[in-house]
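Chains as they are written, first to last, in the working numbering: chain V, 7 to 408; chain D, 7 to 408.
The hints are simulated quantities; they were obtained by calculation from the structure and are not laboratory data.
Hints are supplied without guarantee of correctness; some may be wrong.
Since the list gives no way to pick one copy over another, a pair counts as held whenever it fits inside one copy or between any two copies.
DSSO-like, lysine-lysine: derived pairs with alpha carbons at most 27 Å apart [what the hints assert, rightly or not]:
| hint | residue 1 | residue 2 |
| --- | --- | --- |
| 1 | K364 | K56 |
| 2 | K364 | K186 |
| 3 | K334 | K134 |
| 4 | K56 | K186 |
Bear in mind the structure is a predicted one, so any value in this text is a computation, not a measurement.
Protein chains: 2
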Amino acid sequence: MKGNNMIIGQSGGPTAAINATLRGVIEGALKSEKVDKVYGAINGMEGVLKENFTLLSDTFEQEENRRLLSQTPSAYLGSCRFKLPDSPEDGVYVKIFDIFKKYGIAYFIYIGGNDSMDTVYKLSEYAKAHGHDINIVGVPKTIDNDLAVTDHCPGYGSAAKYIAATVREIARDSAVYDLKSVTIIEIMGRNAGWLTAAAVMARSGADNAPHLIYLPERAFCVERFLTDIKNVPAGNVVVAVSEGIRDKDGAYICESAASGVRDAFGHKMLSGTGKVLEGIVRDRLSCKVRSIEINTPQRCAAHFASETDLNEAVMIGRGGAEAAAGGKTGVMMYFAREGEYNISIGTKCISEIANVEKSVPGEYISENGNDITGEFVNYASPLILGEPALIIKDGLPVHIAL
Amino acid sequence: MKGNNMIIGQSGGPTAAINATLRGVIEGALKSEKVDKVYGAINGMEGVLKENFTLLSDTFEQEENRRLLSQTPSAYLGSCRFKLPDSPEDGVYVKIFDIFKKYGIAYFIYIGGNDSMDTVYKLSEYAKAHGHDINIVGVPKTIDNDLAVTDHCPGYGSAAKYIAATVREIARDSAVYDLKSVTIIEIMGRNAGWLTAAAVMARSGADNAPHLIYLPERAFCVERFLTDIKNVPAGNVVVAVSEGIRDKDGAYICESAASGVRDAFGHKMLSGTGKVLEGIVRDRLSCKVRSIEINTPQRCAAHFASETDLNEAVMIGRGGAEAAAGGKTGVMMYFAREGEYNISIGTKCISEIANVEKSVPGEYISENGNDITGEFVNYASPLILGEPALIIKDGLPVHIAL
C-alpha cells in the first residue's frame with residue numbers, strides 16, 4: 007500500500023523565519039487532499055533515523071498555534087548537522103527508506119540551507135534509482151542568503167532588518183560624546199557578505215553611519231583599513247565588518263591575531279574579528295574604540311522580524327507542500343523576482359543548487375572595497391519591509407515549543 | 007532683569023528613553039507661561055561652558071518631531087562625562103552662572119544618572135549660597151536602575167524588556183541541537199545586577215531558561231558555578247551573568263583571567279566576563295559552550311522599547327519642567343509606586359540621592375545566589391509592558407538627529 011503521509015524536517019542553523027516556513031508546509035499539507043498525517047522529524051535526519059516524530063497535524067489545526075509558530079525563532083522541530091554519506095551503497099539509505107515505508111510516507115519536505123539541500127539531492131537520487139515513490143522537496147532557509155538560483159532566502163530579510171535597525175541604533179549611541187571614536191560592528195558571514203551588506207540600510211538622512219563596510223568577498227588589508235578610517239570626515243566612525251574577512255593570502259583576520267594565545271588560566275583565547283580590529287585601531291590610531299558583535303540575535307531576533315520575510319516564508323513552505331503533493335521531487339523551491347518587487351515561487355532541479363554558494367556579486371560592492379552600492383540597496387530594501395503583529399504576553403513575544 | 011529661559015542638558019550613558027524624557031521637559035516648558043526660550047546644551051555641561059546651545063522650542067513645536075524624539079535612542083543633545091570640582095571656590099562655577107545670566111536662564115534641567123545628580127547637587131548648592139535665582143532640577147535616567155529614592159529609573163524598563171526578549175530568543179536558539187550545551191549571556195552592570203536580573207522574565211511555560219542567573223551583589227565562585235551547571239536538568243543550559251561579577255576577594259572575574267595577556271600582534275587581550283566563563287566551562291566540562299555579550303543594544307534598542315517606560319519618561323520630564331517653573335530647586339524627580347502599579351511623580355531633595363548607589367536588594371536574589379525570586383518579577387514586570395507605535399520608513403524606525 008502506498009502511504010500518503012508526510013514528514014517535515016528542519017536542518018542547519020536556526021533563523022527567525024524557519025518556523026514560518028514550517029507553518030506554510032503544515033498549512034499546505036493540511037489543505038491537500040492527498041496528504042493524510044503530517045509528521046515532524048525531531049532534529050531533522052537524526053529524528054528520521056531514530057523514528058523520533060511528532061504529529062504536527064494535531065497541534066497546528068489551531069490557527070493560534072500556527073500564528074505562534076510564525077513568530078517563534080529557531081527551529082521548532084530542532085535541527086541537526088547531519089551529512090548523508092556520498093555512497094548510495096551505505097546502509098543508512100536502506101534504513102531511511104524502510105522507515106519512510108513503515109510510516110507510510112509519500113512526501114518528505116526538508117527545510118534548510120546548503121547542507122540540507124545536499125540531503126534532498128542524495129535522497130531524491132536514491133529514491134529515483136531504487137524506485138521509491140516518495141516525493142522529496144527542499145525548501146530554502148538561511149540568514150546567509152547564499153543559496154543559488156533563488157532571488158533570496160527566507161530568513162535573510164528578517165536578519166537584514168534587525169541588523170540595519172541595530173546598526174542605526176548603535177550609530178546613534180556611538181555619536182553621543184564629543185570626541186573621536188571608532189565603533190566596529192562584527193556581523194555574521196564566514197564566506198558571503200550578504201548580512202554585513204545589509205548594514206548599509208542603516209544610513210539615514212541624519213547620519214551616514216556605517217561609514218565603512220567590509221565583506222569577505224574582498225581581500226582585507228589592515229593598512230588600507232586604517233587609512234579608510236582616517237579619511238572618514240565624521241568624528242564618530244562606525245564600521246561594519248563580516249566575521250569572515252580574510253587577508254590577501256586567504257587567512258582569516260580573526261585567526262591571524264589570536265593563534266596560540268592563552269589566558270592566565272591556560273585557556274586558549276579566541277578572539278572575534280571585531281576584537282582583533284579593535285586592538286589594532288587602539289594601538290595604531292590612539293582613539294576611543296570599541297567592537298560590538300551582533301552575535302546570535304541577528305538570526306533569532308523574531309521580535310523585530312520582517313513581515314515580508316515571514317509572509318514569503320509561509321508562502322514558500324505552502325508551495326513546497328503543494329509541489330510534493332503535486333508530484334514534484336528532487337527539487338528546491340525558489341523565489342523569482344519580477345519588476346519592482348513581484349515575487350513568485352517555483353521549483354528548480356536540486357542538482358543545480360546543492361553545494362553551490364552564492365557570494366555577493368561585484369556590482370553590489372564599491373570599487374575600493376569599503377562600501378556597498380545603491381544596486382544592493384535596491385535589491386535588499388523590499389526584503390525588510392513590514393513588522394508582523396506579534397502575540398505579546400506580559401510585555402514579551404510568546405513562543406511555542408515542543 | 008531676571009531671565010525666564012530654560013537650559014536642558016543630557017548627561018551620562020545613553021538609554022532608549024532619555025530622549026522621551028527630553029521630550030517631556032520640552033513639552034512641560036512649552037506649556038508653561040513662565041518659560042520663554044528653551045535651549046538645549048550640546049554635550050551637557052560641556053555645551054554650557056562652550057555656550058554651545060540649540061534652540062529646542064523651534065524644532066519641537068511640531069508634534070511629529072516630538073514623536074520622533076521619543077523613539078530615538080541615545081542622547082539627542084549629546085552627552086558628556088563631566089564632573090564639577092568639589093570646591094565651590096573653583097572658577098568654573100562663576101563662569102557657569104555668568105553664562106546662565108547672559109542667556110537669561112531661570113531654569114536648568116539636567117537629565118542623567120548618578121554623576122549628573124552630583125552636578126545638580128553642586129550647582130543648586132552654589133546657587134543657594136550665592137543668591138542666584140535659578141531653579142535647578144535633576145531628572146533621572148539610567149538603564150542601571152541604581153539611583154536611590156526613585157522606585158525605578160526611566161530607561162531601565164526598555165533595557166529590561168529588550169534583555170528579557172533577547173534572552174528568550176537566544177534560549178530558543180540554543181535548544182536547537184540534540185546535544186549538551188552551555189550558553190552564557192553577559193549583561194551590563196558593573197556594580198548593580200538590575201539588568202541581569204531582568205533575564206528571569208525570559209522564562210516562559212515552554213522553557214525554563216535562563217537556568218542560572220548571577221549578579222554582582224553576590225560573590226562569584228567558579229567551582230560552585232560549575233556544580234550549578236551540572237545540576238541543571240535541561241540539556242541546553244542558559245546562564246545570565248552580570249559583567250561585574252567578582253570573586254570573594256572583590257576581584258572582577260573578567261580581569262583575573264586576561265591580565266597581561268597579549269595577542270600575536272602584541273595587543274593586550276581584553277576579555278569579557280562571558281568569554282572568561284566560556285573558556286572555563288570548555289576546559290572543565292568538555293561540552294559545547296558559547297558566550298554572547300548583549301552589548302550596547304541593551305541600552306539603545308529603541309526598536310523594542312517599553313511603552314510604559316517611554317510614557318513614564320515623558321511624564322517625569324514634563325514634571326521636571328513643571329517643578330522648576332513652580333519654584334523647586336535642588337531636587338530630583340522620582341517615581342513612587344502605590345498598590346499594584348500606580349506611579350506618581352514627586353521631587354526629592356538632591357542631597358538624599360547624589361552619589362548613592364542602589365543595589366538589588368537581598369529578597370530579589372535566591373538564597374544560593376544563582377537565581378532571582380518572584381518578588382523581583384512582581385517588581386519588574388509592570389515596567390516592560392507595551393510596545394510604542396513606531397514611525398517606520400523603509401522598514402526601519404526613524405530617528406531624529408541634531
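Here is what the structure says about each hint:
1. K364 to K56: Result: close neither inside a copy nor across copies, 33 Å intra and 53 Å inter.
2. K364 to K186: Answer is neither; intra-copy 38 Å and inter-copy 33 Å both fail.
3. K334 to K134: Result: close within a single copy only, 12 Å intra versus 84 Å inter.
4. K56 to K186: For K56 and K186, the Cα distance is within 27 Å only across copies (18 Å; inside one copy 58 Å).
The structure is inconsistent with the numbered hints 1, 2, although it conforms to all the rest.
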